[in-house]
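Asks: These are the residues of each chain, in order.
There are 2 protein chains.
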Amino acid sequence: MRLFELCAADRDIRFSPFVWRVLLALAHKGLAVERVPCRFLEKEPFAPSGSKTVPVLEDDGTWVADSWRIACYLEDRYPEAPSLFGGDRGRALCRFVTHWADRVVLSGLFPMIAADVCDCLEEPDRSYFRESREKRLGQDLYALRETREERLGPFRAALAPLRAQVSEQPFVSGQDPAYADYAIAGGFIWCRGASALEVLEPDDPVHAWRERMLDLFDGLARKAKRAH
Amino acid sequence: MRLFELCAADRDIRFSPFVWRVLLALAHKGLAVERVPCRFLEKEPFAPSGSKTVPVLEDDGTWVADSWRIACYLEDRYPEAPSLFGGDRGRALCRFVTHWADRVVLSGLFPMIAADVCDCLEEPDRSYFRESREKRLGQDLYALRETREERLGPFRAALAPLRAQVSEQPFVSGQDPAYADYAIAGGFIWCRGASALEVLEPDDPVHAWRERMLDLFDGLARKAKRAH
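Same order as they appear, the protein sequences are chains S and E. When the letters of the first sequence are read in order and numbered with the working numbering, they come out as residues 19 to 246. When the letters of the second sequence are read in order and numbered with the working numbering, they come out as residues 19 to 246.
Repeated chains share a single entry, so a pair holds when one copy, or any two copies, can fit it.
Straight-line C-alpha distance at most 25 Å; calculated SDA-like pairs for lysine to any residue: (1) Lys70 / Ala182; (2) Lys61 / Ala133; (3) Lys70 / Pro55; (4) Lys47 / Asp106; (5) Lys243 / Phe147; (6) Lys61 / Asp28; (7) Lys153 / Pro172; (8) Lys47 / Gly105; (9) Lys70 / Ser185; (10) Lys70 / Glu186; (11) Lys153 / Ala133; (12) Lys153 / Ala178; (13) Lys153 / Ala182; (14) Lys47 / Tyr96; (15) Lys47 / Met19; (16) Lys243 / Glu216; (17) Lys153 / Pro129; (18) Lys153 / Ser69.
Just so you know, the hints here were simulated from the structure itself, not pulled from any lab data.
Excised from the complex, chain S in its bound form (with noise of 0.2 Å):
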């Protein structure tokens, strides 16, 4: 089983809050996986696929793009290993926190840590991804970071649901981790793998959840290679 990942100018770092959803699935699953450094521009390592985007898994000839179609193949493939969505009612209810996910975390982190995510990049890496991020924000990554101290405040209170969910139980899945927890904590991986910025406070709850996340699975995610 092979995963084709995103990484920067130095390979060893891998920041992608998509990679790292199916990292930790992967890893709930006990599954042993090689991991294959793809820079931004090289898509022929993962040509087969079809996607111009990882994450891409192949399992034993079997190509699959998308953190989300991962998940659910992985799920699939692999019944007896520990469920990522503990059946179809929490697999239709995990999708819903991952559009949270992808629509609130995601969306919210970005404008503050795009230009750190730059700064980690060499060329033609960082023009792409310049020139790409900057027409999809339409303002300058260097600009928007000179102004992320002031998103922090409407970043944090967009947290809201999963400082509820969070200070109620130990994992957005209730008792133990699962795919929802891995959905939310790939943003925060990211963050924590391109930039130097703190973006929560030490007594918020969801920063003891981040810290249980980077914990999970012998530190994986803890150990991980940062930019900073």
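With chain S held as given, fit chain E onto it using these hints.
Replies: What follows is chain E alone, placed relative to chain S:
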């Protein structure tokens, strides 16, 4: 089984979003219930519960307050009836959805419709409601109503995770509805019952989902008496 509900000056108008969660959960379980209307300041009927707010359920001498606790009670007490959660993992994830519904849907709707709710009440409920809610919001309810059109855009934008979810599958809970749907729908039924404000655009997938929710259980929510 009796459910203590919040009612307006017209006792047939029942608009509490939390009560609607329970009404839909009871219908899902196929349980018949006697609905007992209580005004804001009528707390005697459910005093044995120890709760100062509805919904309160009384089931053969057992008193349960709080919509989430009632849902859990129904799930555990009537396990042979259709499941509200789909197992422990589904229950945990459903809790996240209720937190999102509270903090995004209800909190987003409230400043827009609070004056309309107030208009449905009569003394002494009206004074109690206005004073307590203006203290909570820090603003005059009727002044808030004047600016509500400005709030529609941000409110609709904040529904992005729900929009993505119901664009992919008919219900938040998957192919059929369950408690996660009811938790969110309660807010929209509250809004529809108390206010003439249309908060969703007709081509919004959330609008289509809300129509499906109004149709459930032989139009239980659609048939509810409205103030407007």
